[in-house]
Amino acid sequence: MDGLLDGRRFLVTGAANPRSIAWAVAEAIVRHGGAVALTYQAERLRRRVSRLADELGDAPLIELDVASDAAVRRAVDEVSRYMPVLDGLVHSIAWAPAEDLQGSFVETSRSGFAQANDISSYSLIALAREARRLMTAGGAIVTMTYAGSWRVVPNYNVMGPAKASLESAV
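Position 107, counted from 1, in the sequence shown is what this note's numbering calls 110; the numbers after and before it change by one each time, with no gaps.
Because the hints were derived from the structure by calculation, they are not lab data.
Source: prediction; values computed, not measured.
Just so it is clear, CB atoms sit at the ideal spot from N, CA and C, and this is done for glycine as well.
Warning: the hint list may mix true and false statements.
Quick list of simulated restraints, FRET-style, between CB atoms [stated by the list, open to error]:
hint, residue 1, residue 2, range
1, Gly10, Glu58, 16 to 24 Å
2, Ala31, Arg113, 32 to 40 Å
3, Ala140, Gly106, 46 to 54 Å
4, Arg136, Glu102, 36 to 44 Å
5, Ala172, Ala101, 22 to 30 Å
6, Arg34, Glu66, 24 to 32 Å
7, Ser114, Gly141, 35 to 43 Å
8, Arg77, Gly106, 36 to 44 Å
9, Ser71, Arg113, 18 to 26 Å
10, Ser107, Tyr85, 40 to 48 Å
Can you build the whole structure from these sequences, using the hints too?
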């Protein structure tokens with residue numbers, strides 16, 4: 004531990020399992036002296052994320068449904084109970100219906116396209132809007148993208164435009 008992030012507090016979203024980028028980011032933040040609050044998407048995923056929280060020294064676990072502005076607001080309110088000031092937000096959330104990740108891109112459903120953009124892109128805007136009230140000393144907002152936003156990647160389909168939308172929001 005080099006102390007690079009001593010005293011810094013971060014909200015990390017998307018740490019779904021040990022293979023997720025957000026999981027590694029949370030571990031790195033703590034390794035460098037920072038503190039994290041972690042989100043989980045639904046109660047059924049809480050146990051999996053709580054394993055990381057335990058490894059990181061009892062990081063707060065916050066339920067977060069990014070498809071609801073009210074739920075995003077509630078989640079950030081809960082974060083403020085543990086971390087009244089945030090130094091950073093890590094947005095590592097992406098999702099699309101499985102059927103819209105297969106076959107021909109032109110077969111993407113309207114609802115699948117909307118859901119992929121809502122969860123994978125608009126969620127950054129919703130989270131940033133709410134988190135900024137805790138980022139009173141400035142801070143950083145980081146999101147994750149992928150090369151599928153600018154080139155064809157087999158079976159990435161609807162996630163390509165969703166990631167391109169995310170990139171343009173940064």
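Now for the hints, and whether the structure bears them out:
no.: 1; hint: Gly10 to Glu58: 16 to 24 Å; result: holds, 21 Å
no.: 2; hint: Ala31 to Arg113: 32 to 40 Å; result: holds, 39 Å
no.: 3; hint: Ala140 to Gly106: 46 to 54 Å; result: holds, 48 Å
no.: 4; hint: Arg136 to Glu102: 36 to 44 Å; result: holds, 38 Å
no.: 5; hint: Ala172 to Ala101: 22 to 30 Å; result: holds, 25 Å
no.: 6; hint: Arg34 to Glu66: 24 to 32 Å; result: holds, 26 Å
no.: 7; hint: Ser114 to Gly141: 35 to 43 Å; result: holds, 38 Å
no.: 8; hint: Arg77 to Gly106: 36 to 44 Å; result: holds, 37 Å
no.: 9; hint: Ser71 to Arg113: 18 to 26 Å; result: holds, 20 Å
no.: 10; hint: Ser107 to Tyr85: 40 to 48 Å; result: holds, 46 Å
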